[in-house]
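Chain A with the ligands: place on chain Y using the hints.
Protein sequences, first through last, are from chains Y and A.
Its first residue numbered 1, the first sequence is counted upward by one per residue in UniProt numbering.
Its first residue numbered 1, the second sequence is counted upward by one per residue in UniProt numbering.
These are calculated hints, taken from the structure and not from any lab test.
There are no misleading hints in this set.
Simulated coverage check for chain Y against chain A, where a stretch passes if three residues somewhere in it have a Cβ under 8 Å from a Cβ of chain A:
(1) 53–65
(2) 331–338
(3) 389–398
(4) 405–418
(5) 506–516
(6) 566–578
(7) 619–626
Partial list, derived from the structure: chain A residues whose beta carbon lies under 7 Å from chain Y:
(8) T63
(9) V72
(10) F155
(11) K191
(12) S226
(13) M239
(14) R391
Computed spacing ranges between beta-carbons, pair by pair:
(15) Y:D51 x A:S169: 52 to 60 Å
(16) Y:G33 x A:R438: 56 to 64 Å
(17) A:G645 x Y:T629: 41 to 49 Å
Predicted model, so just to flag it, every value in this text is computed and none were measured.
Positions of the beta carbon are idealized from the N, C-alpha and C atoms, including for glycine.
Protein chains: 2
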Amino acid sequence: MTNPVVQKVNPMLTEERAKASFPVEELTYILDGGKFNTEKRREIEELVTKDPNFEHPPIQFMTREQQYSLAVKKALLVQQRLKELDMLDDPYASYFFRRIAMPREVSPIGLHWVMFVPTLMGQCSDEQRERWLQRALNYEIIGTYAQTEMGHGTFLRGIETTATYDPSSQQFVLHSPTTTSIKWWPGGLGKTCNYAVVVAQLHTQGRCHGVHMFLVQLRDESTHRSLPGVVCGDIGPKMGYHTIDNGFLQLNSVRIPRENMLMRNAEVQPDGTYIRRVSNEKLTYGTMVFVRSLIVSDAARGISEAATIAVRYACVRRQGEPSSPGAPEPRLLDYPVHQYRLLTCVANLLRTMPDVLEGRTERLPETHALSAGLKAVGSNRGAACVEECRRCCGGFGFSEASGLPKIYNDINPACTYEGENTVMLLQTGRHLLKCVERARRGEQLAPSDAYIRSRPTPQPKLAGGPLTADLLLGWLRWRSLSMLLEVSGRFNSFIEQRQAWADAFQAVSRRLTRCAEAHCILYVGQAFLDSAKAAENPKICGVLTSLCRLFLLNEVVSGAGDVQLSRSDLARCQDAIDSLLTELRPNAVALVEAFDLPDRMLCSVIGRYDGQVYEAMLQWARQSPLNATDVHESYELYTRQFLAGRSLAKL
Amino acid sequence: MTNPVVQKVNPMLTEERAKASFPVEELTYILDGGKFNTEKRREIEELVTKDPNFEHPPIQFMTREQQYSLAVKKALLVQQRLKELDMLDDPYASYFFRRIAMPREVSPIGLHWVMFVPTLMGQCSDEQRERWLQRALNYEIIGTYAQTEMGHGTFLRGIETTATYDPSSQQFVLHSPTTTSIKWWPGGLGKTCNYAVVVAQLHTQGRCHGVHMFLVQLRDESTHRSLPGVVCGDIGPKMGYHTIDNGFLQLNSVRIPRENMLMRNAEVQPDGTYIRRVSNEKLTYGTMVFVRSLIVSDAARGISEAATIAVRYACVRRQGEPSSPGAPEPRLLDYPVHQYRLLTCVANLLRTMPDVLEGRTERLPETHALSAGLKAVGSNRGAACVEECRRCCGGFGFSEASGLPKIYNDINPACTYEGENTVMLLQTGRHLLKCVERARRGEQLAPSDAYIRSRPTPQPKLAGGPLTADLLLGWLRWRSLSMLLEVSGRFNSFIEQRQAWADAFQAVSRRLTRCAEAHCILYVGQAFLDSAKAAENPKICGVLTSLCRLFLLNEVVSGAGDVQLSRSDLARCQDAIDSLLTELRPNAVALVEAFDLPDRMLCSVIGRYDGQVYEAMLQWARQSPLNATDVHESYELYTRQFLAGRSLAKL
Ligand SMILES: Cc1cc2nc3c(=O)[nH]c(=O)nc-3n(C[C@H](O)[C@H](O)[C@H](O)COP(=O)(O)OP(=O)(O)OC[C@H]3O[C@@H](n4cnc5c(N)ncnc54)[C@H](O)[C@@H]3O)c2cc1C
Ligand SMILES: Cc1cc2nc3c(=O)[nH]c(=O)nc-3n(C[C@H](O)[C@H](O)[C@H](O)COP(=O)(O)OP(=O)(O)OC[C@H]3O[C@@H](n4cnc5c(N)ncnc54)[C@H](O)[C@@H]3O)c2cc1C
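This is chain Y alone, in the form it adopts within the complex (with noise of 0.2 Å):
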């Protein structure tokens, strides 16, 4: 990949290495969720390192067919990979050989294990699951998730495919009865998949029961041929995601057996009759819950790898008037500017630990929710992060070479799939407000909301003592409920004047999804505070602190347009952060150093271990296609005709 060989370390490095305060070896087992994982996926990267069928040239060099077709390859021999090293039970295990086999290299098979298994899990009768289930866990079958249409996508009672039951042959006929009705987005649904789980509207004995879920199949098992009356394929380039094929698929009354429907719900019987079944909600919400989780950890490590390629550059490279005349010029982590920019985003990223670590889900939150506002303040925030890591590079970052233009628009298109952002913070939101109803009624809330009363509490003073955790957390407690508070009184004044409780929602929709944001946050830095504390190790315990507290400050700040803060409080705040910044500093690489993440996963040559990172860069540039030959074709064909004053016209 892009640079197997560490060289000689940067001594710049070596030296920044050697002021972490903290046995960074400890925190990578913290944040592994263990020593054990730590040691296990080293040895599986090693064992991935060491094969040479997942060497390949750097994918930057490949058109998307190039690179779509590569990583069909590399999706399938990890799979086989993982069956042969009888991991694929290792939840673990394969998240980490896949990490590092593919890196950053969206999966086309990723639906798969992502949604179809776990759909099928979740939806299918007993029996359906004997017959499905297994196929697909041996991978004799690819499936996808197919639900947003061309028409659809937040609106899920829009959808338009429809599911009609004909009792005559006992099959349901899946159509697509207008443009706007055709699949569009499902991965892998375009050129890799052979079966889909579709969403369509059930039929039957002439009534519409809404959505349902339906084993489709796509394509031939023996000659992957698209079957008669599925017309499927990839819906072209997108922004990022370049090795996946996004589908679209339009179904021209497609018989399947009435067996294909998903019936652990609901039921259609031979003769058509609609049985509902009292339905295990938490059982869909557990998959979105999960869903959701992997996105705010996804959204983490593309903070992690980011921020571990700008810091690290940050320590070779050199810019500016040196302070005095002879001495080198000062590196970029020596400016306070920039260790704002970047310590910020450290802060941003170790505030998810609790939620990278070991896939923790039963510490995303209780209710439901509250994951829809986490999902949108994560992804935003990542994308904002990896973004703001990106330009500290300067130049570099834009070029493909560092890695980060991969990153950002790989974690990007988080910010809209599995629930737009501003829609997900709007069920927060919605959610808020019921809890602000349930304090008034006196009923018991989620731990998470307990904080929510019906009236107002007075505003912690940040004056006097020291600017703890705790009381940053207090205050921002406070925010979020002040902002609540107001937010839910329009909103009652609104039902009182006899607006409907859509309209009366609508009004105050652009100040909740505020609220929601500040809720979340508030969440989200309790349970930094929290993972912080819980760090056994004095040292590490004391600089998650104080990034904790860096996380905090920045909110307080930022945040303080949304309620009344005075300007000493303000003053003292920005005070504190500046002298974060000045203790932070000496751990900055430590810190994205115990994410550990080999080169061979950041493909980065501004970000490489050894620091290395000029001549790296010449060799990387001389591989560009446009440079095979010293002169372009395109000067034989246009530009000595044009420099000569020739016409071009009849080219």
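Only chain A with the ligands this time, still in chain Y's reference frame:
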């Protein structure tokens, strides 16, 4: 291009268009700088649209190399046509022509006219002009501007390339002594250009005289082969800018005649004596301010394109719970949150009116210092607004079909080149510190700095009367001054503690960047209001003033964290924003359509004039190269074996 044939217009768009409260065409004239310009522009657009030479399949389906080759062809064709049409000397006509012929396709010869020719104009002696300028203007040679090196961008004085004068041969020896001294980034340097202005450290008679400019021939004029000692090539793929060959250049003791030093401001005589002339800094600053103003208007152009796409789409996209059973789903533009997201972008767009207009660089501030900050604010906001518009389009915003990813990736690097934005803000900040000092000494300040005093002024009350634009501007002026005085107070206390100037500056740098932003926003807000008021038609004046208020209110609310604002004032501002959204919504389409961007320029399936989004989307996707066959070759190569349980290892 994407959608040449306008179909029957979607009635939802027709309806929205009918809601305009002002004559759209008149605003178009204003934006174009007069009816005459509008007509000329349309004529030229028609000319290009009819010319089959500019026809080609959508570039999103091409490889980077194909895109580059096509861009060379088109860029040269544009020049040729302009010459045939005798429009070369008309900056407007050529601007319009390029824009429509190469929509968002960064020109491989762009640096020739943006930097190479202007540098020759500004830095050549009269005699040198005669020799080279005419050849450059006639495109007998194609040049670029090579300043940045791998090791140095921001800190120009650190540049390492040397130009050592050898009196015996009366030549300069141009040399790259290290890897870091290799020129990196110049546009068109890789493959296209045959000449470059090279920035290098001048050595003569054993002394170094700092950076100077030299005209260096890179490639043979008849074969285009790189000359002996010249190693140049493409720097490889980037986040955007696919159509241009940003290049590298290593000079191995390349000799050029003494006369190739650009000698307007300094000279090396035949015997090697160095003579510095009184330099005309205005000229150098003039070029800088010119390029920065281009960047600001390019960012505005990006917003205008993105906003046109997103606003039109928001009119035709229905999504969500109908207000009553059987009613159609709401349009995106019906959601207040969505109105807010889009209309703040539109406000940010129209606030740049004064800069966009007629390339009115005379309205760009007299001071070089302000232009640095305006460059930063303009490009930061440009990127942020385009990204917001992109996300407003849901999943489609991530597809290249929308045109939005390209707009983002193409305007984004403007945050980095021509002075990285943080560095630019610090430049303006440094100037502001000096202004406080001058104010203290009772000296006169430039008009845009005139509000700066050495003592605070009382906070203007927002309560009481209506929140007029003037009142809001007064508040922002007060905010800017308050922040600045606080920071300069800190700065002075460091100086009093005998810290070095540079250290004191670093200590306040983080906060100073916020001061610089606040100062620029104030300037921009005032300019926005001035141009709104200047509109003769009272309806246009009305709608622009409302937009200006939205812009200002949003700044007050989001910048409130920097200073103290009472909760009741905040609440009033929020209410005012809500009312403005309702007031402005009917004009949303009219406002973006006043920019009159033809489909050919937008290259967007979802931003089409006719609003027929979905059919076009399907058509577009079908052209994806992955769809050339039903079964992709990766199936035969890998998937078949895999599904059959056979090993892939030997592939
Ligand atoms: C890379 C990628 C991969 C994907 N993979 C899959 C997949 O495997 N399977 C699948 O089924 N789908 C997939 N999707 C589709 C994805 O789930 C949808 O894009 C997403 O649900 C948003 O729906 P939409 O695109 O229709 O946007 P819309 O719902 O049309 O929303 C557009 C805009 O309107 C706003 N908006 C919508 N409703 C409201 C409201 N009520 N209030 C305020 N604002 C509103 C949103 O904020 C958004 O900005 C994928 C998408 C992407 C980008
Ligand atoms: C698309 C593109 C086109 C370009 N075209 C050309 C061209 O035609 N010709 C040409 O000569 N160059 C060109 N450039 C180069 C461009 O001018 C440089 O990238 C730019 O000047 C920044 O320099 P750098 O990349 O070396 O970043 P650096 O100067 O190394 O800066 C890196 C980071 O450090 C921070 N930093 C640096 N100094 C300070 C400081 N004093 N205080 C605080 N922070 C600091 C910056 O904010 C930045 O985030 C181009 C670049 C791009 C991306």
